[in-house]
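The chain contents come next:
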Amino acid sequence: MASLKEIRTRITSVNSTKQITSAMKMVSAAKLRKAQDAIVRMRPYAIKLHEILGNLSNATDSALDNPYAVQREAKNILIVAITSNKGLCGAFNANVIKKAQSIAAEKYSDLLAKGKVSFLTLGKKSYDGLKGKGLNLIQGNNAIFDKLTFERTTPLAEELMNDFTTGKFDTIILVYNEFKNAAVQILTEEQFLPVQINTGKSKIVNDYIFEPTKDYIMKELIPKSLKIQFYKALLDSNAAEHGARMTAMHKATDNATELIKELRLHYNKARQASITNEILEIVSGAEALKG
Amino acid sequence: MFIEILTPDKKIFEGEAELVQVPGSNGSFEILNNHAPIISTLGEGKIKVVSEGKKEDSFQIKSGVIEVLKNKIIVLIET
Numbered sequence: 007m008a009s010l011k012e013i014r015t016r017i018t019s020v021n022s023t024k025q026i027t028s029a030m031k032m033v034s035a036a037k038l039r040k041a042q043d044a045i046v047r048m049r050p051y052a053i054k055l056h057e058i059l060g061n062l063s064n065a066t067d068s069a070l071d072n073p074y075a076v077q078r079e080a081k082n083i084l085i086v087a088i089t090s091n092k093g094l095c096g097a098f099n100a101n102v103i104k105k106a107q108s109i110a111a112e113k114y115s116d117l118l119a120k121g122k123v124s125f126l127t128l129g130k131k132s133y134d135g136l137k138g139k140g141l142n143l144i145q146g147n148n149a150i151f152d153k154l155t156f157e158r159t160t161p162l163a164e165e166l167m168n169d170f171t172t173g174k175f176d177t178i179i180l181v182y183n184e185f186k187n188a189a190v191q192i193l194t195e196e197q198f199l200p201v202q203i204n205t206g207k208s209k210i211v212n213d214y215i216f217e218p219t220k221d222y223i224m225k226e227l228i229p230k231s232l233k234i235q236f237y238k239a240l241l242d243s244n245a246a247e248h249g250a251r252m253t254a255m256h257k258a259t260d261n262a263t264e265l266i267k268e269l270r271l272h273y274n275k276a277r278q279a280s281i282t283n284e285i286l287e288i289v290s291g292a293e294a295l296k297g
Numbered sequence: 068m069f070i071e072i073l074t075p076d077k078k079i080f081e082g083e084a085e086l087v088q089v090p091g092s093n094g095s096f097e098i099l100n101n102h103a104p105i106i107s108t109l110g111e112g113k114i115k116v117v118s119e120g121k122k123e124d125s126f127q128i129k130s131g132v133i134e135v136l137k138n139k140i141i142v143l144i145e146t
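Chain order of the listed sequences is A and B.
Under the numbering used here, the first residue of the first sequence carries the number 7, and numbering increases by one thereafter.
Under the numbering used here, the first residue of the second sequence carries the number 68, and numbering increases by one thereafter.
Note that these hints are calculated values from the structure, not bench results.
As a list, the in silico DSS-like pairs of lysine-lysine whose alpha-carbon atoms are at most 25 Å apart:
id: 1; chain 1: B; residue 1: 129; chain 2: A; residue 2: 225
id: 2; chain 1: A; residue 1: 54; chain 2: B; residue 2: 115
id: 3; chain 1: A; residue 1: 174; chain 2: A; residue 2: 225
Since the model is a prediction, treat every value here as computed from it, not as a measurement.
Looking at chain A on its own, in the form it has when it is part of the complex (with noise of 0.2 Å):
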């Protein structure tokens, strides 16, 4: 058994390891709450901007021509994966690093042989997960989780559009981890480019006034909808990155707590071998000294 000595510096170990896991998530709590906020707010617009979107299909089908739908044989493909800076967030990262090579894998086989597969890694743990493997790696910025605005994503989003209507690459995937609730992340797989239009004609028939034109409130409209989609994928990501935290830190915190009382038994027994060993060592050795 270890020595009295031994098991009182674990105790103390395990126990600062606790206090800074419940720590941890505490902060990831109170950011979660901050990041679910964004989404909330971000929703009312997505929404309404999808209604307008729908409306305007009803009555046109420009939208098949726009530049962001061209359907093109894919021959360079960009998969863009998005994980957090940070780690201590359980499979949360590891999901989306092994999603995106393997959808590079099954369904891109033969391109990602040729090298035709590119991977934009957003968060430095997918940049980490995916260096190494002899992939073409483009390392995105960063900083952007430090803070998440529709402005700060913009250029990025932009950027994408624009390798897109250039040519560059003919397919843009995302890949995610979509934000359910605190406890659920769900590992997302979307298109982001070609822009998949929802041609479902809906029931509601308003007699508007289009102005300019139909066609042209179209293009203005889907790359509108194309930054939202993007900003969106990195709300969720945040929001679900906090989430993953929050609970990995909580089953960290409730280890910590049932290893900290198995080694209080543990010592306490071993305390009290010592000290029988001790009340034995004294009675027989007055016994010695009577005899």
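Given chain A's structure and the hints, the job is docking chain B onto it.
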């Protein structure tokens, strides 16, 4: 009529208005009560909202889109 002005980050205005002036892509136009349903894109400029009691609010925008339907106005903007 009721007007809501939304950006992707937040709602910046919500309330009753008597007159709304927006910078349409083809030139500025005004919306009064019972305007016909319209969807229009907006260019760079200022949105002016006159509420009851002649209270005026104005918002600088870069681009946007407006939808008017049954005395409900929704403006989606980027600043």
